[in-house]
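Chain A is already provided as a structure; the job is to place chain B on it using the hints.
Listed in order, the protein sequences are those of chains A and B. Take the first sequence: its position 48, counting from 1, is numbered 48 in our numbering, and each next residue is one higher. Just so we're on the same page, our numbering is the position in the second sequence counted from 1, plus 418.
One should not assume that every hint holds.
In silico lysine to any residue, SDA-like type, Cα no more than 25 angstroms apart, as pairs [to be verified]: (1) B/Lys828 with A/Glu242; (2) B/Lys462 with B/Glu472; (3) B/Lys821 with A/Asp228; (4) B/Lys762 with A/Leu26; (5) A/Lys403 with B/Lys720; (6) B/Lys533 with A/Lys403; (7) A/Lys114 with A/Gln88; (8) A/Lys99 with A/Glu18; (9) B/Lys533 with A/Lys274; (10) A/Lys44 with A/Lys99; (11) A/Lys344 with B/Lys517; (12) B/Lys468 with B/Asn575; (13) B/Lys715 with B/Lys821; (14) A/Lys403 with B/Lys517; (15) A/Lys213 with A/Phe5; (16) A/Lys344 with B/Lys532; (17) B/Lys833 with A/His352; (18) B/Lys435 with A/Asp197; (19) A/Lys403 with B/Arg499; (20) B/Lys613 with A/His318; (21) A/Lys198 with B/Asn575; (22) A/Lys274 with A/Glu242; (23) B/Lys613 with A/Glu333; (24) B/Lys821 with A/Lys344; (25) B/Lys613 with B/Val574; (26) B/Lys462 with B/Gly626; (27) B/Lys521 with A/Asp95; (28) A/Lys216 with B/Glu635; (29) B/Lys762 with A/Lys274; (30) B/Lys435 with A/Lys99.
Keep in mind that the hints were calculated from the coordinates and are not lab data.
Residue-level listing of the chains:
2 protein chains.
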Amino acid sequence: MEDNFTKLAYNVKAASKEMAVLTEELKNKALLNIAQGISANKEKIFEANKKDLEEAKTLVEQGEISQSTFNRLKLDENKMRDMVQGIQDIVKLDDPVGKILLKRELDEGLILTKKSCPIGVLGIIFEARPDVITQISALAIKSSNAVILKGGKESVNTNKMIMSVIQEALQKTEGFPENALVQVFTREDVAQMLKQDKYIDLIIPRGGNKLVKFIKENTKIPVLGHADGICHIFVDETADIEKAKNIIIDAKTQYPSACNSVETVLVHNNFGKKEELIQALVDAEIEIIFAPDDWHKEYGEKKLSFKYVNSLEEAIEHINEYSSGHTESIITENKNNAKIFMNKIDSAGVYHNVSTRFADGFRYGFGAEVGISTNKTHARGPVGLDGLTIYKYTIEGNGQIVKDYAEGIKQFHHKDLG
Amino acid sequence: MEDNFTKLAYNVKAASKEMAVLTEELKNKALLNIAQGISANKEKIFEANKKDLEEAKTLVEQGEISQSTFNRLKLDENKMRDMVQGIQDIVKLDDPVGKILLKRELDEGLILTKKSCPIGVLGIIFEARPDVITQISALAIKSSNAVILKGGKESVNTNKMIMSVIQEALQKTEGFPENALVQVFTREDVAQMLKQDKYIDLIIPRGGNKLVKFIKENTKIPVLGHADGICHIFVDETADIEKAKNIIIDAKTQYPSACNSVETVLVHNNFGKKEELIQALVDAEIEIIFAPDDWHKEYGEKKLSFKYVNSLEEAIEHINEYSSGHTESIITENKNNAKIFMNKIDSAGVYHNVSTRFADGFRYGFGAEVGISTNKTHARGPVGLDGLTIYKYTIEGNGQIVKDYAEGIKQFHHKDLG
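If we strip away everything but chain A, and leave its shape as in the complex, we get:
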């Protein structure tokens, strides 16, 4: 088993070197072939999905999976259209590979270039939603990365069918490397995947807290994503009551299970309209928990933790201690306080007078979203296609050696070009 997986990972790594040199044209052709294949085979995909749904129905009855997991599993005409549209949208995005990030003449005839390139091999582990396969495959192809995908066991029939449609489309795309997209299926495969730090360069988990935490704790491969989304809103002394009400209600009720929903509201003790604010939240059917057991709580429903604080500094300290580093917002009419908050809060997103729900790659205008990262290195916040690239340095010369520079025979002049 272990040797089989290592061989598979080795082959995907080899394919990744071929992926790295594909032209934008060929990549877009592959994507359009996939979009067409999904459309043409939608009945087969619905059929496979029906099988998964039947099996899942029993699991729901037995309490093994939740109704919301069941709902996310279901593909319908709308979701299918979104899948196809999603691939077509990625075709339209700029190629993130081959961008010149720096061009510098180190000395005459000695040219340093820093150019974006794919990371290599991505390992994607996702749950329930089978539409993730087409989205993540399209993002991987556009960024010239190879990918090993592992979907949830609930959607195994749907995933297999979609993947066979994708493979057929790629085979039709002349020049597209074999083994660049591979699907695996078992728990044991996940365990093997997390060990392949020689061949897999980045793991992207798409799923609940538990999945992400498990992955982060069990691999040495860099993981892009976030486990918790414990977002805060601080209502300052000078907050506008209407803004405060609207923003908190939006951040809690517009999509309560989203990672960028607010979980804790801190209110300045000197804020004059405390009662009006609380009444508005109650009217919006939000349950307010004063003095919760755990300030790290992510409710995922219309509940929030609530606390009065005596100062901006106390709010900042509370947030830096309990936040998951995702997104926080201050409601204030005091611009200086907003500035201090935005500088001192150490989270991927720090907002002034807007809802935390804006933390999203599409809302930021990235055109696609790989995921939202709470990491402090590589990529932070909503991650677009660029997050799937790194860079390499090339030097073009005509025989230069370091000895000449070390001995002072030649000097670097470091002129940036273009």
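Relative to chain A, chain B alone:
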């Protein structure tokens, strides 16, 4: 012990939030105070260094440490001048924090800004060379990061003395936070450090392969650096013999123990001047190993592995299999082959007709070097000050909520500003 270290790490994390908001002026003042302090206290530092050297002499005699470790330990007037100059050079560099990387109007009055910020807390583990302390402390201060430093046990007296001079200089700098630079001393401290993924954001090891490998295998914190430096040179069919000779001799002999020295030379079977090339290497006192036991071998002395290959493709495959992803060079007059090599080789540096020894932050014109990374995420190749930063997103608004956009009442227009 464990609780003590966690408390220390917590305090450094708290100090990192203060570091994040320091002005460039204050940071430069702190750096100049340190430079002045080192100059003013050089006799005390020499004295502490003498103590270390005496103890180390015994260790050399007992075969516990090598002569070269001993040499790196020794501070003299030249090294002291370089230390001070190094700090002054960092003062002159642009502040890497607070750079606007993107400014976008999402909708009227809704402004997204992506701004560079410090990573947070760095953990630096280094061996022997005590001059690393001032360099890494200066880089951390300039990039607004807090840092926990652990030096080699051989230089403990020198490290303590330098650190006390640094602390005195920082105390003199009004407004500089306490606990932002902390030194620890024991092996047990290192073990504790590697566990603090809650408080330490990035580990930077500065030392030999063994140290770096040990660290990478024993922490979940991201590690910036490289273990091996197995660099390759491929002499293509159409290589210019003079360039081939000069470049290989430079890459092997100019500083044989450097990580960017060449370890393996691959030569195209159709290259017409094989004997002349080999003779030149022998004349330069380079030992040539045909058919080594292990193509992963990093010699660190005037030895190299040598192999004939039948094609450019074979060379690329060999390199992608055995390279450590540091730096490789092709010697060829065929521009198309150079292009293929540079595209398909998956290393941080890929060169054409130049020595691998150019892989260096100062030679690249970065003004400072944090280290050389063979990672595929965050920072790759020689890493300058920018590698110690990440970014955060801020949004400034006046009450906007997501519901309005989800329901089509408002639309994003995504206009890039400035």
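Hint numbers contradicted by this structure: 6, 7, 9, 10, 13, 14, 18, 21, 23, 24, 26, 29, 30
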